[in-house]
Amino acid sequence: MSPRKAPRPGLVLDVDASTPPVLFHHGENFRMEKLPVGRSRIIYPAEPLRGLTDPEQAIRDALDNPIDSEPLKALMSPDMKLTIAFDDISLPLPPMRKPDIRQRIIEAVLDIAAEVGVDDVHIIAALALHRRMTEDELRHAVGDRVYDAFAPSGRLYNHDAEDPDGMTHLGETLHGEEVQISKRAVDSDLTVYVNINLVSMDGGHKSTATGLSGYTALRHHHNVDTMQKSKSFMDPPNSELHTKNWRQGDVIRNAGVKIFQIETTINNNTFGETGPLSMLQKREWEWTGRDRAKFLAMQGGLNYMTASARRKVFHNWKAPYELTSVQAGEIEAVHKVTTENTFAQHLVPVEGQTDIMTMGLPYICPYNVNSVMNPILVAVLGLGYFFNMYRGKPLVREGGVLIMSHPTPWDFNPVHHPSYIDFFEQVLAETTDPHEIERKYEKQYAEDEWYRHLYRTSYAYHGVHPFYMWYWCSHALQHLGQVIVVGGDPKAVRRLGFRPASTLQDALEMATDTVGPQPTITHYHNPPMLMADVK
Amino acid sequence: MTAVSNYRAKISQRLAGSEVPMVGRLRRPLQALPFPYTAPTIPQSVDVPEKRGVTGTDFPTDWARTEPARRTRAVLIDTMVRPVMAGLAQPTRRGVDRLSGLEGPAVFAANHHSHVDTPLLLSSLPTPWRHRAVIGAAADYFFGSRLTGALSALVIGAIPIDRTKISRASTDLARDLIDEGWSLVVFPEGGRSPDGWGQPFRGGAAFIAKRTSTPVVPVHIEGTGRILRKGKSTPTRSRTTITFGEPLYCGEDEDARAFNTRIEARVAELADEAMTNWWDARKRAHEQDTPRLTGPQTASWRRVWELDADAPKAMGTSSTRWPR
Chain A
0 MSPRKAPRPG LVLDVDASTP PVLFHHGENF RMEKLPVGRS RIIYPAEPLR
50 GLTDPEQAIR DALDNPIDSE PLKALMSPDM KLTIAFDDIS LPLPPMRKPD
100 IRQRIIEAVL DIAAEVGVDD VHIIAALALH RRMTEDELRH AVGDRVYDAF
150 APSGRLYNHD AEDPDGMTHL GETLHGEEVQ ISKRAVDSDL TVYVNINLVS
200 MDGGHKSTAT GLSGYTALRH HHNVDTMQKS KSFMDPPNSE LHTKNWRQGD
250 VIRNAGVKIF QIETTINNNT FGETGPLSML QKREWEWTGR DRAKFLAMQG
300 GLNYMTASAR RKVFHNWKAP YELTSVQAGE IEAVHKVTTE NTFAQHLVPV
350 EGQTDIMTMG LPYICPYNVN SVMNPILVAV LGLGYFFNMY RGKPLVREGG
400 VLIMSHPTPW DFNPVHHPSY IDFFEQVLAE TTDPHEIERK YEKQYAEDEW
450 YRHLYRTSYA YHGVHPFYMW YWCSHALQHL GQVIVVGGDP KAVRRLGFRP
500 ASTLQDALEM ATDTVGPQPT ITHYHNPPML MADVK
Chain B
0 MTAVSNYRAK ISQRLAGSEV PMVGRLRRPL QALPFPYTAP TIPQSVDVPE
50 KRGVTGTDFP TDWARTEPAR RTRAVLIDTM VRPVMAGLAQ PTRRGVDRLS
100 GLEGPAVFAA NHHSHVDTPL LLSSLPTPWR HRAVIGAAAD YFFGSRLTGA
150 LSALVIGAIP IDRTKISRAS TDLARDLIDE GWSLVVFPEG GRSPDGWGQP
200 FRGGAAFIAK RTSTPVVPVH IEGTGRILRK GKSTPTRSRT TITFGEPLYC
250 GEDEDARAFN TRIEARVAEL ADEAMTNWWD ARKRAHEQDT PRLTGPQTAS
300 WRRVWELDAD APKAMGTSST RWPR
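Chain order of the listed sequences is A and B.
So in numbering that gives the first Met the number 0, the last one in the first sequence is 534, and the numbering has no gaps at all.
So in numbering that gives the first Met the number 0, the last one in the second sequence is 323, and the numbering has no gaps at all.
No lab work stands behind these hints: they were computed from the structure.
Bear in mind the structure is a predicted one, so any value in this text is a computation, not a measurement.
Check each hint, because a few of them may be wrong.
To be verified - Computed, partial: chain A to chain B, Cβ under 10 Å:
no., residue
1, Pro20
2, Arg144
3, Gly288
4, Val312
5, Arg396
6, Glu397
Virtual Cβ for every residue (Gly too), placed ideally from N, Cα, C.
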């Protein structure tokens with residue numbers, strides 16, 4: 000263990016007259032906001048758990064002593080087909096400092112394969128319908144040694160869910176859900192899946208059933224009905240998304256696809272305990288003079304920068320995450336341990352729901368790494384991810400109000416998000432009802448040849464991806480009475496179906512239309528990551 | 000309001016002591032700024048985390064007792080502090096002869112009115128102890144920052160003492176230093192007098208002395224409150240008297256609390272001796288009629304009134320009670 004002080008658990012702070020203004024992330028900037036005294040509370044994340052002191056040894060131990068499985072070495076033979084799949088650019092957030100966990104694990108797996116004498120090895124970025132990773136991004140994830148050894152010969156590549164020759168249909172679940180994954184994985188004698196389990200939704204059967212899958216299979220759980228029945232999709236026993244992935248996982252297993260699952264958890268040391276952003280993961284009243292000076296200097300500098308320069312600065316940040324656990328072996332047994340380790344870092348007990356939930360949205364979400372956070376991604380980060388970071392009950396009561404802070408620019412990256420632009424301009428201009436959107440437009444976007452071409456050959460998210468983002472919001476949209484965005488582009492905010500507000504005070508005033516006077520307020524102080532365990 | 004009346008108002012504020020000093024005036028606009036321009040306030044429901052690191056009782060002072068630092072301090076005390084004190088405080092030192100039989104380290108326990116007490120007492124100690132003494136200084140005040148901590152340790156040989164409680168760290172440090180032959184200067188009141196009268200003695204000095212079987216030398220300092228009382232920022236010249244008492248030893252059956260009471264009583268007797276004469280003070284002591292250091296238990300204004308009525312005036316100041 001590292002010689003740091005014992006990490007403190009998360010905290011629910013009742014706001015009183017002495018509570019200093021609270022930090023709200025606001026895209027590539029920040030706001031300091033005063034919350035009403037006596038009826039507000041702030042949920043702070045736990046401090047970063049201690050990292051493993053010897054990650055390499057921990058990885059070797061996990062591979063040699065897997066859970067409910069033979070050691071990895073015993074599963075290998077010289078003439079076998081070995082596939083190593085790994086999580087794509089969407090994990091972790093922000094990207095972690097080198098060496099990436101994936102590099103460490105893949106090198107350990109390849110060491111064993113080399114010792115056994117395995118020749119036929121493919122390494123696949125399991126990105127499902129996400130955009131392809133660039134060479135730099137692949138190098139960052141797997142390291143230069145692995146990249147240089149496998150990429151030039153075409154044995155390290157991005158998964159292509161639209162390759163007619165690269166996907167295999169494995170059948171259907173008892174509920175009629177089709178199962179389709181990478182042909183290479185199906186044909187392999189062993190597929191080793193390397194996960195970074197940033198949140199409790201990640202990993203398990205979802206790794207293969209989603210990561211190596213395509214539209215044919217994904218549409219069975221990436222839909223409005225599934226998302227509205229997942230309460231929440233971060234809580235596996237109550238997640239319809241989880242249930243359907245597990246059913247598809249059973250089909251994959253029964254089809255004889257052998258998978259050796261490696262899962263890892265990291266702490267929430269997102270901004271570092273020292274360094275230029277360290278104050279962002281401190282509680283405000285513990286900010287030192289140096290923290291305040293750094294923050295003011297940073298804000299002063301950001302105000303003079305263009306939006307793209309600010310974006311560049313923040314997307315260059317690599318988080319000093321530390322590995323807190325690594326486990327390998329049989330998928331379900333491994334995932335059970337992983338989920339406990341994830342919850343150990345993220346869960347914060349919270350008593351009761353609130354009328355208004357406030358949150359500051361940061362500059363990054365899973366789908367805009369090195370890219371623009373467009374309005375649809377703003378919606379999915381707030382309503383899809385942060386709203387769903389609960390166990391038990393949503394933090395905000397049914398019919399309550401969600402107030403998000405983000406500039407929400409009407410800005411898109413045309414390379415990464417081409418179908419998002421059309422979705423925003425055409426679909427959302429007509430309706431924001433997820434059911435109607437799904438029924439009227441999904442198929443057309445999913446099967447559009449141009450989007451398909453860009454997904455396969457450029458660096459574009461799949462044509463159907465913006466639909467999934469909107470579905471991701473559907474549980475929150477169904478649950479909430481109103482969504483207000485503070486400091487956002489009013490036009491873009493209205494297009495999303497939300498209400499714009501200039502200041503938090505205005506937003507709180509507007510919220511009383513829905514929840515009545517003197518509402519209770521809960522601020523979700525994230526990132527670093529936290530998950531509310533609401534009783 | 001005219002310029003003249005403005006000026007008069009300012010003068011009367013200054014004389015009444017209610018004028019906001021220049022530093023305070025400059026700081027006010029800054030204090031009006033919100034966090035993060037100013038330091039954050041702490042929510043009432045939050046336990047303030049203990050400051051870790053090098054300030055407070057954790058401040059390292061070993062380096063200040065190395066031979067080069069000790070010699071530097073000796074030079075500073077003899078060539079700077081002592082002449083300055085001679086000019087500012089014009090000390091009369093009484094009872095030094097009572098220490099003639101004392102050998103080895105001792106705990107010097109004195110009353111406390113002013114920041115001047117420390118340099119005055121330190122420079123007034125007889126030579127066997129003057130250059131081998133450490134001052135027990137409030138950890139939260141003198142060692143609150145690295146700069147003040149380092150200066151305190153170097154110039155006056157301060158060691159951090161937790162004045163809120165008898166802490167193990169403080170007592171262990173004091174014991175080790177006494178074992179190494181260092182004498183300890185402490186102000187058992189725990190802080191400067193807020194109104195000119197003394198405060199009840201806290202048990203730290205007695206506890207350390209008992210634990211280390213070291214004699215306690217009671218000391219009374221008179222007059223430093225007139226030079227630089229608490230709340231005042233500019234010193235005024237005035238005469239002072241430092242009276243050393245006979246060393247006291249903690250009896251075998253005596254607990255630290257009783258010993259502390261005895262030390263406080265002895266300092267009160269020395270105060271009486273300084274204000275009157277030895278003979279009258281001794282008689283009152285035997286009759287158990289020595290005035291208490293803490294003054295009459297009455298309304299605060301009457302305490303101030305009584306103190307002021309008998310006090311000699313600071314040098315060069317008017318004898319009138321009211322500003323003209």
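How the hints compare with the structure:
| no. | hint | result |
| --- | --- | --- |
| 1 | Pro20 | holds (5 Å) |
| 2 | Arg144 | violated (40 Å) |
| 3 | Gly288 | holds (7 Å) |
| 4 | Val312 | violated (19 Å) |
| 5 | Arg396 | violated (23 Å) |
| 6 | Glu397 | violated (29 Å) |
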